[in-house]
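In order, the protein sequences belong to chains L and R.
For the first sequence, position 156 (counting from the first letter as 1) is numbered 156 according to our numbering, and the numbering increases by one without interruption.
If you want our numbering, it's the 1-based position in the second sequence plus 1000.
The set of hints was computed from the structure by calculation and includes no laboratory data.
Glycine is no exception: its CB is placed at the ideal position from the N, C-alpha and C atoms.
One or more of the hints may lead you astray.
With a cut-off of at most 27 Å between alpha-carbon atoms, the simulated BS3-like pairs for lysine-lysine come out as follows [unchecked claim]: (1) L:K284 with L:K294; (2) L:K388 with L:K81; (3) R:K1217 with L:K191; (4) L:K245 with L:K294; (5) L:K40 with L:K343; (6) L:K80 with R:K1022; (7) L:K67 with L:K134; (8) R:K1066 with L:K81; (9) L:K67 with L:K294; (10) R:K1217 with L:K358; (11) R:K1196 with R:K1066; (12) L:K134 with L:K388; (13) R:K1172 with R:K1217; (14) R:K1022 with L:K81; (15) L:K358 with L:K191; (16) R:K1205 with R:K1073; (17) R:K1073 with R:K1022; (18) R:K1066 with R:K1036; (19) L:K384 with L:K81; (20) L:K245 with L:K80; (21) R:K1066 with L:K80; (22) L:K358 with L:K384; (23) R:K1181 with L:K191; (24) R:K1036 with L:K245.
The following label-pair restraints were derived from C-beta to C-beta distances [said to hold, decoys possible]: (25) R:Q1197 with L:I377: 47 to 53 Å; (26) L:G30 with R:A1013: 58 to 64 Å; (27) L:E224 with R:E1186: 42 to 48 Å.
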Amino acid sequence: MSDFPHTPPKQSWTFSNDVNAEIRRAAATGIYDIRGGGSKRRLPHFDDLLFLGASISRYPLEGYREKCATDVWLGTRFAKKPIHLDIPITIAGMSFGALSGPAKEALGRGASAAGTSTTTGDGGMTEEERGHSKSLVYQYLPSRYGMNPDDLRRADAIEVVVGQGAKPGGGGMLLGQKISDRVAMMRNLPKGIDQRSACRHPDWTGPDDLEIKILEIREITDWEKPIYIKIGGARPYYDTALAVKAGADVVVLDGMQGGTAATQDVFIENVGMPILACIPQAVKALQDLGMHRKVQLIVSGGIRTGADVAKAMALGADAVAIGTAALVALGDNDPALESEYRKLGTTAGAYDDWHEGKDPAGITTQDPELYGRFDPILGGRRLKNYLKVMTLEAQTIARACGKNHLHNLEPEDLCSLTLEAAAMAGVPVAGTNWIPGRGGF
Amino acid sequence: MQTFDLEAQGLRALNSALHNVKGQSNETAWEVVNPKGSHAIAVGVDAPVDITVRGSTGYYCAGMNKQATIRVKGSAGPGVAENMMSGTVIIDGDASQYAGATGRGGLLVIKGNASSRCGISMKGINIVVHGNIGHMSAFMAQSGNLVVLGDAGEALGDSLYEAGLFVRGSVKSLGADCIEKEMRPEHIALLADLLKQGEADHLAKPSEFKRYGSARKLYTFNIDNASSY
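One chain only, chain L, in its complex shape (with noise of 0.2 Å):
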């Protein structure tokens, strides 16, 4: 045996046991691994960023006594009943067939109770959601499931569904272990089969074909209906830009983090960009067009915290919506349920299997004994409480700002802990003036 030091073994970062894992699944399976959720990767993010907050040379309001308003106008560009809601914190689109009914009515209930609005998703209006939704956002998607006249007229707004972030320029897949009776129905498909969501749309190609699109949508429902565009994080400067010239009301903007119900994990881990990377080329685009406020910008995909809405609405977003937060409200991914996580092989927090239909929460499934578990006026309630926490953070963040409403936060508020984040952001990184690529180093 030799006295000098043994090497110690060392892990590849490039092979590293994740990437060798993933390597012999598909060696065993000859398949690609599908999965719910968003972008797990760690990413530039509102992490990054920081308020300053108020001192000699900007002053606070009152954390407990001065008003700090929290509401928005959504639709007010074309549509005659523009959306008004108390919180700029709104529940994004989430199929009924992706959740289960039980699920889609604690989204109404929580949603309503806290004074915002909720959206459909790729599976068509359920009673449960329109009966409990005070606002309700009626998702036109590429595959058209359940589309009638009828739920358009009945809806409060109409979302044209462009991408998600999870899935930029991809469809989706709704494996048959969740096309209960009811879903199949819904969907005018037969029982038990794998369901192709397309990624385009059957009728339009293009802006040009979209704003005739929109105009057909808005005589439908003679002119009542705000009207969104929602676009994934590809090219938000152009896309956003393209959507305004379509005629749309409101764009919502969708990051990677943004969840889906199923999807290639090799999707959402490389296409579309970080939510933190858009928000800028969006909120540009808008006011170039002196759009800016005129068309309100929604912007998702990793929303937690009220601290994160806030630095969302500082860089010039209206509003802001939440999906897997909302779901993790709701009981997704509990603790309290780890014996069960164990048995379908993964661990609280990292349940992401959803498509599989066998969520022991009940909330992404479609079997009643497992959705019968979910108490969904629990449910709502769970999800107003952490409505009213993040807008109360929200709100405490503006206040110590000096601004007296959400919408008045600016990037003058915001510095950059990152490099990256700063260039991303445009703020400039903290204790200097400097903004990657734009000067003041």
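Using the hints, position chain R against chain L.
Chain R only, in chain L's frame:
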């Protein structure tokens, strides 16, 4: 007969008037003149009225129609009768792309030819085309029937679900998972009825058609079928 001059009175006034028919008017026959290729003519109608458009239309004429019978005395632009729920739409001339897209019910008759993607993603509508149809027609078609008296272009019925396709002429190629199927007596009867409804029973006999449908091999993802995607 109520005559509506689209050029003079405008699209909003037309659709608003048609929407107001529901339960509020005895007007059951409408004539639209000077359409001049305008988009979104007679969309979202929900009443058993007869509407005749004298001229050609732009995009999405008769979109989401319910109950109404809408006749276009000319040709129709893209997406005619898209997402139709019920009623009848008859085009005397040709139809552009996506005719009857995602339609959930009712009958669409095209007396000329239809362009590409006719019946794309159809969900219960019946479509009868007297002439030919273009490529990628009935893509991802879920239910309903597409009857073509002429020829079909490339990739007919690609990724088809449960819609029934009947073509009298040639088919340039079938799309993934679309196969020719046996024409049984119930299909002959169905076809005879559709030809009659589509004002085509004097033009063709059911026995002259071939039936196409889904092989159902792509219904559940299987890696061995990856080359089909």
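Checked hints:
1. L:K284 with L:K294: holds, 13 Å
2. L:K388 with L:K81: holds, 26 Å
3. R:K1217 with L:K191: holds, 15 Å
4. L:K245 with L:K294: Holds. K245 of chain L to K294 of chain L sits at ~13 Å (cutoff 27 Å).
5. L:K40 with L:K343: holds, 22 Å
6. L:K80 with R:K1022: holds, 21 Å
7. L:K67 with L:K134: Holds. K67 of chain L to K134 of chain L sits at ~25 Å (cutoff 27 Å).
8. R:K1066 with L:K81: Given pair K1066 of chain R, K81 of chain L holds - Cα atoms ~24 Å apart, limit 27 Å.
9. L:K67 with L:K294: holds, 24 Å
10. R:K1217 with L:K358: holds, 25 Å
11. R:K1196 with R:K1066: Holds, at about 21 Å.
12. L:K134 with L:K388: holds, 17 Å
13. R:K1172 with R:K1217: Roughly 21 Å separates the two Cα atoms, so the pair holds.
14. R:K1022 with L:K81: holds, 22 Å
15. L:K358 with L:K191: holds, 17 Å
16. R:K1205 with R:K1073: Distance ~26 Å between K1205 of chain R and K1073 of chain R Cα, so the pair holds.
17. R:K1073 with R:K1022: This hinted pair holds, its Cα atoms lying about 24 Å apart.
18. R:K1066 with R:K1036: holds, 24 Å
19. L:K384 with L:K81: Holds, because 25 Å separates the two Cα atoms, which is no more than 27 Å.
20. L:K245 with L:K80: holds, 19 Å
21. R:K1066 with L:K80: Satisfied, since the Cα-Cα distance of roughly 24 Å is no more than 27 Å.
22. L:K358 with L:K384: It holds: about 26 Å lies between the C-alpha atoms, which stays within 27 Å.
23. R:K1181 with L:K191: holds, 22 Å
24. R:K1036 with L:K245: At roughly 24 Å apart (the allowed maximum being 27 Å), K245 of chain L and K1036 of chain R satisfy the hint.
25. R:Q1197 with L:I377: 47 to 53 Å: holds, 50 Å
26. L:G30 with R:A1013: 58 to 64 Å: The hint (58 to 64 Å, Cβ to Cβ) holds, given that G30 of chain L and A1013 of chain R are roughly 60 Å apart.
27. L:E224 with R:E1186: 42 to 48 Å: Holds - the Cβ-Cβ distance for E224 of chain L and E1186 of chain R, about 45 Å, lies within 42 to 48 Å.
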